[in-house]
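**Q** Following the hints, complete the assembly by docking chain A with the ligand onto the known chain L.
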Amino acid sequence: MDFELSEERRILRDTAARLFRERYPIQARHDFAASDDGFSRALWTDFADLGLIGALVPAEMGGLGGAGVDIMVVMEEVGRGLAVEPFLASAVLGAGLLAEAGTAAQQAQIAEVIAGTRLLAFAHGEPDSRYALSEVRTRAREDAGGWILDGRKSVVLNGDTADALIVSARTGGDAADPDGLSLFLVAGDPEGVTRRGYGTVDGGRAAEIDLVGARVSAETCLGTAGTAYPAIERVIGRGVLALCAEALGIMEVCRDTTLDYLRTRTQFGVPLGKFQALQHRMVDMCLEIEQARSATMLAAGKLDAPRAERERTLSAAKNLIGRVGRLVAEDSIQLHGGIAMTWDYALPHYAKRLTMIDHQLGDADHHLERFIAFSKAA
Amino acid sequence: MDMNFSAEESAFRESVRAFLKEDLPHALAAKVRDGKRLDKRDYLTWHAVLNARGWLAWHWPVEHGGTGWTPVQKHIFDEECIAAGAPRIVPFGLNMLGPVLIKFGTEAQKRTYLPRILNDQDWWCQGYSEPGAGSDLASLKTRAVRDGDHYIVNGQKTWTTLGHFADKMFCLVKTDTQVKPQEGISFLLIDMDSPGITVRPIVTLEGEHEINEVFLEDVRVPAANLVGEENKGWTYAKYLLTHERTGIAGVAFSLQSLDHLKQVARDQKSDGRPLAENPLFAARVAQVEIDLMAMATLNLRTLCAAAAGTAPGLESSMLKIKGTMIRQEITDLLRRAIGPYALPFVPEAFDEGYNEAPIGPDYAMPLARQYFNMRKLSIYGGSNEIQRNIVAKQMLRL
Ligand SMILES: Cc1cc2nc3c(=O)[nH]c(=O)nc-3n(C[C@H](O)[C@H](O)[C@H](O)COP(=O)(O)OP(=O)(O)OC[C@H]3O[C@@H](n4cnc5c(N)ncnc54)[C@H](O)[C@@H]3O)c2cc1C
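Line by line, the protein sequences are chains L and A. Be aware that the first sequence starts at 1, since it is given in this note's numbering, and climbs by one per residue. Be aware that the second sequence starts at 1, since it is given in this note's numbering, and climbs by one per residue.
Some hints here could point you the wrong way.
Lysine-lysine pairs mimicking DSS-like chemistry, simulated, CA-CA at most 25 Å apart [as the list claims (entries may be wrong)]:
| id | chain 1 | residue 1 | chain 2 | residue 2 |
| --- | --- | --- | --- | --- |
| 1 | A | Lys393 | L | Lys274 |
| 2 | L | Lys376 | L | Lys274 |
| 3 | A | Lys262 | L | Lys274 |
| 4 | A | Lys180 | A | Lys393 |
| 5 | A | Lys322 | A | Lys393 |
| 6 | A | Lys232 | A | Lys36 |
| 7 | A | Lys110 | A | Lys36 |
| 8 | A | Lys180 | L | Lys274 |
| 9 | A | Lys141 | A | Lys238 |
None of these hints come from the bench; they were simulated from the model.
Only chain L is shown next, with the shape it has when bound in the complex:
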């Protein structure tokens, strides 16, 4: 076993860290979040030039890495920077799906995603599907050599700005059936597709997407119709890892900010950090973050393991991240007192993103259930 990063990954990490440190002060972040796109296109191009987007995509697909460790290294820095750019939506999920399931022609678009010139979003969740991966009610039926899509997709991350949506739809099977799922690469909003974009609690963007008799060509289908589930599961798994790593970066900022505050804020004539009740809370926070880091490293290392082992480890990480994330978000606010209840202080924005991570790609309870299910299978 080796827990150290290779020279290349250290450079990747340092590059990312420097960029966020220099170009991503919290006020700039608020401005990006409040802009129409909800992020900075200029910085997105810079991220691309520095290889941060490519690092999330496998080398055989024209990326620069795409292994669990690469995702972990980049996304931790994304978390530390509290970045609002579509790393998860476009690079991890979008390019990931093309890589897993796309035809050669579709995979050719990955290069543009890596270059930052094409944005993708994964339109998968639906109003009643909660976090269930195979629960898709949107239907695709064959018609005149193409497909017609009908359904509704909800809380599609960066779905408002994406140049193309990857839409999951059912071509066979019942609502929760893993069989019969297909993916369609839908560009340029054909008639019948409407998107309603909005901001999210954590400064991000999402969209509700209606598909009403939307006609798309046969070439939009990723791979063979009806067989998309395994690819969806693998790519969501990569997304889960990305979120865990992002959460780790955020948690460390919360920890460090709180620690600084306890050292400098005085009440009753001493720094808050002198109160043993708070010292113990801080120690528990640090300990739990190390636990979360270990679980995430394990998941990163098992990203290419056989299914049951991979899914079980990913769910373990996301469950722990959900639990520790709540502790860190709540305690770092509490230990600060009133100041952490204010918009002008950076910490609560980290706490909000950390909390919302539990609402993406499955919360702690969802992954607890998955962990139990896959433990039986393993």
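**A** Chain A with the ligand alone, transformed into the frame defined by chain L:
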């Protein structure tokens, strides 16, 4: 021991229900239930309805316009109001300053201010905290220097809830800096439109304007606005805080939001079934319900003991800790319950007259916002850590 409500108590509950059905404006209740932003008018409307019935200052002594209700009646009233979707009663004048004036104010102060509180002529705000004086409230720096018939006040208050609505502020000031901090504090009543006062908004983490900074520069306050004796303000301040704390326990709020949580869990789906039937989620809801059942009884035990003459002292600290933990746990479950629909953040949706379709189910939009806002419960009113210190020291003698 009898754990049931008496026939009189049940009849009282019915009369409260009938009153709410008749007099609580429907539009207002709908606003509260939908988690819309309430403006000053909304609170004033509700106060006026209660005042017309003589139920606004329900915990004041009868001779000052109170009701003379038993603790159980007060509990029933609170529970029914919140369940019906009434806004909260703004506590600053009614729950905080009122009791202080009744106990420590001069006759003139009582005659002037109590009716003005009842008739909503004065909206009060609480000027305790300062940037450097939070938990360590006694270290406050705002100075009041006597100048003939006036005090000249200089300093800064912060976190002032709804200070932007306020006509007046009850304020802790330093009148003697040569003694132990607690012995040099006085309790002053200050007009918010006095020259030298500036109120600046603080935007909270969920993007709302609820709290403010208040700057005081050479503000002239008539000496007649001193409550009680000079340099005895700490005693009054602490008396007020015990009243503030029991309110924060918020049993009625918890009962109402637990009910809401159950509705949401019945409506949300998990693997095609109602979320309420998901064993993990059901267990979480059941656990907080068990805590709340016990807590509601603890609250009544405390109130009844208080009525029998034992002052609500340390029990109010215990109630504050447990009560706020339960309220926060329920808001946490509410945000979990809605899954991905916790994410949408559309502040305009909380404005009156917002007509667009909600994103996701109509109950979802306020829930994440409420979760973050409710973090305040364990911070203000004396933080939960400070309450634990108080209990450890004064009750457990550690
Ligand atoms: C939304 C909101 C509304 C408010 N409204 C008002 C208002 O209307 N009027 C008003 O006067 N004030 C108001 N407050 C202020 C509130 O009373 C203070 O925030 C509170 O007293 C805590 O002070 P602080 O924020 O300075 O935190 P600090 O006192 O700096 O505390 C920071 C942390 O250290 C902990 N701590 C401090 N001392 C100790 C100790 N000895 N042992 C262990 N732990 C300790 C605290 O518990 C907290 O976790 C409001 C606050 C909020 C958040």
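**Q** Next pair to validate is lysine 141 of chain A with lysine 238 of chain A; report whether the Cα-Cα distance is within 25 Å.
**A** holds (18 Å)
**Q** For the pair supplied as a hint, lysine 376 of chain L and lysine 274 of chain L, is the alpha-carbon distance within the 25 Å limit?
**A** Violated. Lysine 376 of chain L to lysine 274 of chain L sits at ~47 Å, over the 25 Å cutoff.
**Q** Regarding the pair lysine 180 of chain A and lysine 393 of chain A, is the alpha-carbon distance no greater than 25 Å?
**A** Cα-Cα ~20 Å, so holds.
**Q** Is it true that the CA of lysine 322 of chain A sits at most 25 Å from the CA of lysine 393 of chain A?
**A** Holds, at about 18 Å.
**Q** Compare the distance between the alpha carbons of lysine 110 of chain A and lysine 36 of chain A with 25 Å, and conclude whether the hinted pair is satisfied.
**A** violated (35 Å)
**Q** Mind checking the alpha carbons of lysine 262 of chain A and lysine 274 of chain L for me, to see if they're no more than 25 Å apart?
**A** violated (42 Å)
**Q** What's the verdict on lysine 232 of chain A and lysine 36 of chain A, does the C-alpha distance respect the 25 Å limit or exceed it?
**A** Distance of about 41 Å is beyond 25 Å: violated.
**Q** Do the alpha carbons of lysine 393 of chain A and lysine 274 of chain L lie within 25 Å of each other, as the hint requires?
**A** holds (18 Å)
**Q** Checking one constraint from the list: CA of lysine 180 of chain A to CA of lysine 274 of chain L, max 25 Å. Satisfied?
**A** holds (22 Å)
In summary, the numbered hints that this structure violates are 2, 3, 6 and 7.
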